[in-house]
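So the sequence lines, in the order shown, correspond to chains A and B.
Sequential numbering from 1 applies to the first sequence in full-length UniProt numbering.
Sequential numbering from 1 applies to the second sequence in full-length UniProt numbering.
To be clear, the hints were calculated from the coordinates, so they are not data collected in a lab.
One thing to keep in mind: the hints can contain errors.
Claimed, not checked - Which bits of chain B does chain A cover? Going by a derived footprint, with three or more residues having C-beta under 8 Å, they are:
1. 158-170
2. 213-219
As the list claims (entries may be wrong) - Going by beta-carbon spacing under 10 Å, a handful of chain A positions derived as facing chain B:
3. Leu8
4. Trp9
5. Leu12
6. Ser16
7. Leu141
8. Cys144
9. Gly145
10. Ile146
11. Leu149
12. Arg161
13. Leu168
14. Ile172
15. Ile176
16. Phe179
17. Trp183
Glycine is no exception: its CB is placed at the ideal position from the N, C-alpha and C atoms.
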Amino acid sequence: MSSAPISLWTRLSNPSHFMRWSGALVPWLAGLSALALGIGLYLAWFVAPPDYQQGETVRIMFIHVPAAWLGVFFYGAMSLSAVGTLVWRHPLADVAQRAAAPIGAAFTLICLVTGSLWGKPMWGTYWVWDARLTSMLLLFLIYCGIVALWRTMEDPNRAARAVAILTLVGAINLPIIKFSVNWWSTLHQPASILRMGGPTIDPSMLYPLLVMILAATIGGTTLHLYAMRTEVMRRRVRTLTIREAERLDAGRVAVTAPASNAAALPLGQAL
Amino acid sequence: MIGIVSALIARDLALAARVGGSGALSLVFFLMIVALIPFALGPDLNLLSRIGPAILWLAAVLATLIGLDRLFQADEEDGSLDLMSASPAPLELVVLAKVAAHWLTTGLPLALASPLFGLLVALDGTAMGATALTLLVGTPALTFIGAVGAALTASIRRGGLILAVLVLPLMVPTLIFGVSATEAASGGTVPFGTPLAILGALSLIAAVVGTLAAAAALRWSE
Chain A
1 MSSAPISLWT RLSNPSHFMR WSGALVPWLA GLSALALGIG LYLAWFVAPP
51 DYQQGETVRI MFIHVPAAWL GVFFYGAMSL SAVGTLVWRH PLADVAQRAA
101 APIGAAFTLI CLVTGSLWGK PMWGTYWVWD ARLTSMLLLF LIYCGIVALW
151 RTMEDPNRAA RAVAILTLVG AINLPIIKFS VNWWSTLHQP ASILRMGGPT
201 IDPSMLYPLL VMILAATIGG TTLHLYAMRT EVMRRRVRTL TIREAERLDA
251 GRVAVTAPAS NAAALPLGQA L
Chain B
1 MIGIVSALIA RDLALAARVG GSGALSLVFF LMIVALIPFA LGPDLNLLSR
51 IGPAILWLAA VLATLIGLDR LFQADEEDGS LDLMSASPAP LELVVLAKVA
101 AHWLTTGLPL ALASPLFGLL VALDGTAMGA TALTLLVGTP ALTFIGAVGA
151 ALTASIRRGG LILAVLVLPL MVPTLIFGVS ATEAASGGTV PFGTPLAILG
201 ALSLIAAVVG TLAAAAALRW SE
């Protein structure tokens, strides 16, 4: 009985099985995320009230917070995949790692850009060296390093292991960076959703925000699965290209070989 | 084991001291950055003495990067890394010895020379001593973090640039606590001991994580 979930997992993570089930799942997930995004944006733009202090600009939050969440979420996904790469050497974990990096970097960038646009009316400047903005900037820089390392190494298996080590070192460092940046300064409001004693954000804004976070998570997962499919196909093309080159190489040897080959063969086998 | 470690350290120190080694070079680079900043900011001694510790720390971070890309690459190219990993000593110990040697040729000279370079940016006695002490405690963290990047990029040609991109974000906490400890020493709201203790903790964490990760990176790069 205990082997059932393991075998299910093994079956799902087999690359060709993965291509089959993810191919069936991606359109549904895409539709679901479009629906959730539609509801979330409707709630955020038309139902949620403007803030009594910040006015309409508070609506930036409905993009900003989900983007920040996904930036962190994809680093978590990457770290889990990195464990999969190092412990099980699973090819699909390599693929998941590689696909997550640019998506996470993009969402972190969206978070930074929207935060900076939000900062202009609120703080009077596009950029403040505030603790959260700074940690997100460092997260973005780490993502950049990871993407750069992926692109530097040609052999995907070696690159996957190197990036996995870097990702895990980064994962150990992220809490330290967060802590040290917090030490260093703060101008941002204190955490308002996840804190002891319930959220301080008003329900009329909280529910649209939660819907947007849900929509962003489903949408991000869809993008990730889609990118993984692309990466699997890219690897297949790479393997096919290498095989083709080997075949051509072998063909050329076969064409030029016979004369020298016959001379090289031991006499007993010449006939 | 001790014999292997001391032999490796002696070998790396000898290599750093000879022609083509980067032993004294990082110190010159350190001086270069400290000398460049007044040209950018102007010779205002009040301003310089206020940001002096930050200048010295930034210079130390950048100077640590010097020679880091060759830390494992040189041994990887001439095959001595294969010999080291085939030796009875675990690869972690080899990494530890090589990183220690690198720190002895970059971090330690920087920390020892920082009071002298502090004169250039008009630091007073307390700030000079504090900067030297924080550099002494904090530069091991920089070297160990850098070693991870060096191991990851050991087999990449021209890995120096990507090495800097990989490790600099990870060095931010060390920089923050290094500078804030120095500022705490010359009058601040926090006592000097707190950031210094955290700086020491960062060095110890980096020593463990950096050694294991660098050894893993070297082992799995084949």
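Hint by hint, which ones does this structure get wrong, listed from lowest number up?
-> 3, 4, 5 and 6
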